[in-house]
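Asks: The lines below spell out each chain.
Protein chains: 2
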Amino acid sequence: MKIIVLGGDGFCGWPTALHLSALGHEVTIVDNFVRRRTDEELGAGSLTPIRPLGERLEAWSATGHPAIGFAEIDVAEDYDALEALFRSIRPDTIVHFAEQRAAPYSMKSPRHKRYTVDNNVNATHAVLCAMVEACPGAHLVHLGTMGVYGYGKTKGMPIPEGYIDATLRSGGATADADILYPVDPGSIYHMTKTLDQLLFLFYAKNDGLAITDLHQGIVWGTATPQTLLDERLVNRFDYDGDYGTVLNRFLCQAAIGHPLTVHGTGGQTRAFIHIRDTVRCIEAAAATPPEWGSRVRIVNQMTETHRVRDLARLVSDLSGVPVEFRDNPRKEAPENDLVVVNDTLLHLGLRPTRLSDGLLTEVVDVARRHADRIDQSRIVSTSRWVRPPEDA
Amino acid sequence: MKIIVLGGDGFCGWPTALHLSALGHEVTIVDNFVRRRTDEELGAGSLTPIRPLGERLEAWSATGHPAIGFAEIDVAEDYDALEALFRSIRPDTIVHFAEQRAAPYSMKSPRHKRYTVDNNVNATHAVLCAMVEACPGAHLVHLGTMGVYGYGKTKGMPIPEGYIDATLRSGGATADADILYPVDPGSIYHMTKTLDQLLFLFYAKNDGLAITDLHQGIVWGTATPQTLLDERLVNRFDYDGDYGTVLNRFLCQAAIGHPLTVHGTGGQTRAFIHIRDTVRCIEAAAATPPEWGSRVRIVNQMTETHRVRDLARLVSDLSGVPVEFRDNPRKEAPENDLVVVNDTLLHLGLRPTRLSDGLLTEVVDVARRHADRIDQSRIVSTSRWVRPPEDA
Chain A
1 MKIIVLGGDG
11 FCGWPTALHL
21 SALGHEVTIV
31 DNFVRRRTDE
41 ELGAGSLTPI
51 RPLGERLEAW
61 SATGHPAIGF
71 AEIDVAEDYD
81 ALEALFRSIR
91 PDTIVHFAEQ
101 RAAPYSMKSP
111 RHKRYTVDNN
121 VNATHAVLCA
131 MVEACPGAHL
141 VHLGTMGVYG
151 YGKTKGMPIP
161 EGYIDATLRS
171 GGATADADIL
181 YPVDPGSIYH
191 MTKTLDQLLF
201 LFYAKNDGLA
211 ITDLHQGIVW
221 GTATPQTLLD
231 ERLVNRFDYD
241 GDYGTVLNRF
251 LCQAAIGHPL
261 TVHGTGGQTR
271 AFIHIRDTVR
281 CIEAAAATPP
291 EWGSRVRIVN
301 QMTETHRVRD
311 LARLVSDLSG
321 VPVEFRDNPR
331 KEAPENDLVV
341 VNDTLLHLGL
351 RPTRLSDGLL
361 TEVVDVARRH
371 ADRIDQSRIV
381 STSRWVRPPE
391 DA
Chain B
1 MKIIVLGGDG
11 FCGWPTALHL
21 SALGHEVTIV
31 DNFVRRRTDE
41 ELGAGSLTPI
51 RPLGERLEAW
61 SATGHPAIGF
71 AEIDVAEDYD
81 ALEALFRSIR
91 PDTIVHFAEQ
101 RAAPYSMKSP
111 RHKRYTVDNN
121 VNATHAVLCA
131 MVEACPGAHL
141 VHLGTMGVYG
151 YGKTKGMPIP
161 EGYIDATLRS
171 GGATADADIL
181 YPVDPGSIYH
191 MTKTLDQLLF
201 LFYAKNDGLA
211 ITDLHQGIVW
221 GTATPQTLLD
231 ERLVNRFDYD
241 GDYGTVLNRF
251 LCQAAIGHPL
261 TVHGTGGQTR
271 AFIHIRDTVR
281 CIEAAAATPP
291 EWGSRVRIVN
301 QMTETHRVRD
311 LARLVSDLSG
321 VPVEFRDNPR
331 KEAPENDLVV
341 VNDTLLHLGL
351 RPTRLSDGLL
361 TEVVDVARRH
371 ADRIDQSRIV
381 STSRWVRPPE
391 DA
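Residue numbers (my numbering), protein chains in the order written: chain A, 1 to 392; chain B, 1 to 392.
Extracted from the complex, chain A is given alone in its bound form (with noise of 0.2 Å):
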C-alpha cells in the first residue's frame, strides 16, 4: 500500500511510519516540525536524543529497508501542497497524527487553547477536503483519543466503541437509535477530538470517504523493535508536565529517584496502550478499510485500565522510590470506574503487551540511560485547569 503518515515525526507517528515501512509499505512522512519548536518553547526536550528527521531517515535507509520518503508541510495551513501531495501520491491509506495531543497543553493559556483549536480542527478539515478533491477512495486513519467519550457519563457500564444503542424519547413518543456516545470532554484538547468527530460525520455522509477513528489510551513506552535498530532511529520520551503521560512520567521519576507524583487521589482510572501495541493497531486498522460510503468506524485503541494510584505503587514497589499526592489540576471526579470494549482490535489478531510484560524495567532503563539530561522543574504539571481564585 501507499500509506501518508502525517505527523509522522512524532511520538507515535515516527514508529508507526517504521513498523508500516518495515512491512513493505511505500511510507511518506508528512510533518512540519511544529513538536520539536515546543521543546523549545518549554525549554523541556525528549529525554531520549532524537535526530533531525533528515538522519533519522539515512539510518532507516542504512538498515536495508527501503527508504521513506519525507514533504514538509503544515497541514493545518499549507492546503495546496497538501492537496497536490495527495494528487502525487495517490494514497491508499492516509494516517492522520498531525494534531496537538497534549491536554495540559491545551489549557495553559489563551494562546495554548487557541492555537489546540486552531490547529486540530483545520488540519482534519484540510486532510478531508484535500481527499474529496484528490483521493475520495483512500482510507483516513485517525487518532482519536478515549477521552471524548469523559469518564463515568455511564457509570460503570462498558464504554462502547464510538456508537451506542439508545431510546430517544420526545413528545411521548420513542424511536430507537445507534447513536456517537454522548461526548464529555475534559479538556480543549479533548475537545478537538469531539469536533473532528463531527467532521468525519459529515464527510462519511456528503463524500462516502471511508474513515476510521481510533479511540486511544494513554500510551506508555517509547522503543518498538524497528527504533531499536539503530541508536539514531530513537523515539521521543517526553517526561515533561505538559506532554510526559503519566506512567511513563512515574518510570522517569522512578529512574532518578524522584518522588512520583500523583494528582488528587489518584482514583482516575485510565485506559492504557504500550507504543508496540499503537503501531501494530495502525497497521490492522489500515489493512480493513471500512465500505466506501459506509459510516465512521470508530475503534478503542487500548489494551488495559489501571487507576493512577494503582500504578505509583506498581512502579514505587519496582524502584522503592516513594508516592506524592498533589493538588490535581484538572477539573474532574477525584475516583471513576472504566470498563472499556475493545473488541474490534481483539478480532483483528492483536495480542496485547500488558504492563506485567517486563516493559516497565526497559523504560526506567531508558530513562536512567539519559538521566543526565532530565531537567527536574520540568517534571511537576504547571497547567490549571481553572485559575485560582486569588490569581482571577
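One thing to keep in mind: the hints can contain errors.
Since the list gives no way to pick out one identical chain from another, each pair is judged satisfied if it fits inside one copy or across any two copies.
[Claimed, not checked] Straight-line alpha carbon distances no greater than 27 Å define the calculated DSSO-like cross-link-like pairs of lysine-lysine that follow: (1) K155 - K108; (2) K331 - K2; (3) K205 - K331; (4) K205 - K2; (5) K108 - K331; (6) K2 - K108; (7) K155 - K331; (8) K205 - K108; (9) K2 - K155; (10) K205 - K155.
Quick caveat, the hints were computed from the structure, so don't treat them as lab data.
These figures come from a predicted structure and were not determined experimentally.
Following the hints, put chain B in place on chain A, whose structure we already have.
Replies: Here is chain B on its own, set in the frame of chain A:
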C-alpha cells in the same frame, strides 16, 4: 445593560443592534465587514442599498436614540483586540452573529469550506477564551441553527430544544440521561454550528460560562420598526443563490416575474421566523440569562414550519408567477416532516409574526422598489453538495 453585538453590521446583527438600542441598552457593534466583501466576491450585493456602517450609525443617532458604539475587529483573528474590548466595556451580554452563515456558500469549493470552518470555529472559540479572561460573568447569546438536528432523524417526533431524553444501553446495563440531540448537519455551515455546541458544552462545564444557544429557523423579511425609521437604516436583503434564504428568494422572484425556483420536489419541510421576531427573541434571551455554572441553555428560535413547495404555491397565488422545479443541489431526503418544540420563546412572551400577517406583501414591495438592482444571473444557486460524476 451593556451589550456587544458581534457581527452587528449583518442581516440579523444590524436590526438586533437597533432593537436593543431602542430598548435603552448601551450597544457596541463589532464587525470586520467581511459580508460586504463577500458581496464583491460573488458579484451579488444586497437588493436594498445598505449604507456604510458609519452612515448607518449617524442616521441612528439622528433619530434621537443613544449612539451605538463600534469597533472594527475580526473576531476570529484579532484575539487581543477582542479581549481588550471585553475588558474595557465589561459587557453584561455578548450577542454572537460573527459567523459565515450561508450553507450554499460553505459548499462552493475547498476554499469556501475551509474558510467557513476556520472562521466560525475560531470566532466562537475566541469569544469564549476572551470571556474567561475578561468577563467571566457575562452572558453569551449565540445564533445557532435548526440545521444542527438534521431532518427526520427521529422520524416525526417533535424536535426538542437542544437536549433529548434518552436511555443508553451497553453491555447489558442501561442509563437514563438527558443528552444533546444527536446531530446530523446537512452542510459544512450547519456542521460548524454543531462544533460550536461542543465548544459551549466544554466552556460551560469547565469555566462556568452562562451561554444561550438559539437554534434559529430560516429568517424571512428584511425590515423591523427601527430599520424603517430612516432610509439610511435599511437592512440587507439577499436574493442570490448563496445568501438568499428560500422564502425571501421566492418573494424577490415574484416581484420581478422570475419563475419561483424550487429545488427537488419541494417536499422539504423547514422552520421559519420573521426578522422582527429574531430581534425580539434576542431581547428575551438577553433579559433572562441562565444561571452562572448551569448547562448551556438551548432554545429553538422559530415560529412556524412549512413545506418549500407550499410556500412556492402561496407566493405563486399571491403574485401569479409560476413555480419551476429544478434539480436539488443539496444531498438530503426529498421529503420530510418537521415538528419543532418552541416552548421557551412562547413562555418568554413572544407573539409570533405569521406568514399570513400581510408581511409577505411588504417584502414583495421592497423587492419591487429595488427591482432595477437585481442581477438575474445571480438568482439561481450554483453550489453543489457533491460534484456531478462527469466533473470528477
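Asks: Hint by hint, say whether it matches the structure.
Replies: Verification of the supplied hints:
In this assembly of identical chains, K155 and K108 lie within 27 Å of each other by CA distance neither inside one copy nor across copies; the values are 30 Å within and 44 Å between. Proximity of K331 to K2 under the C-alpha cut-off of 27 Å is found in neither arrangement, the shortest distances being 42 Å within a copy and 31 Å between copies. In this assembly of identical chains, K205 and K331 lie within 27 Å of each other by CA distance solely across copies; the values are 9 Å between and 35 Å within a copy. Taking CA atoms no more than 27 Å apart as the test, K205 paired with K2 passes inside one copy only; the shortest distance there is 25 Å, against 43 Å between copies.
Taking identical chains as interchangeable, the C-alpha atoms of K108 and K331 lie at most 27 Å apart only when both belong to the same chain, with a minimum of 14 Å there against 41 Å between chains. Within a single copy, K2 and K108 get their C-alpha atoms no closer than 38 Å, and across copies no closer than 30 Å, so neither meets the 27 Å cut-off. Taking identical chains as interchangeable, the C-alpha atoms of K155 and K331 lie at most 27 Å apart only when both belong to the same chain, with a minimum of 18 Å there against 38 Å between chains. Taking identical chains as interchangeable, the C-alpha atoms of K205 and K108 lie at most 27 Å apart only when they sit on different chains, with a minimum of 17 Å there against 36 Å within one chain.
In this assembly of identical chains, K2 and K155 lie within 27 Å of each other by CA distance neither inside one copy nor across copies; the values are 42 Å within and 42 Å between. Taking identical chains as interchangeable, the C-alpha atoms of K205 and K155 lie at most 27 Å apart only when they sit on different chains, with a minimum of 18 Å there against 31 Å within one chain.
Of the numbered hints stated above, those contradicted by the structure are hints 1, 2, 6, 9, listed in ascending order.
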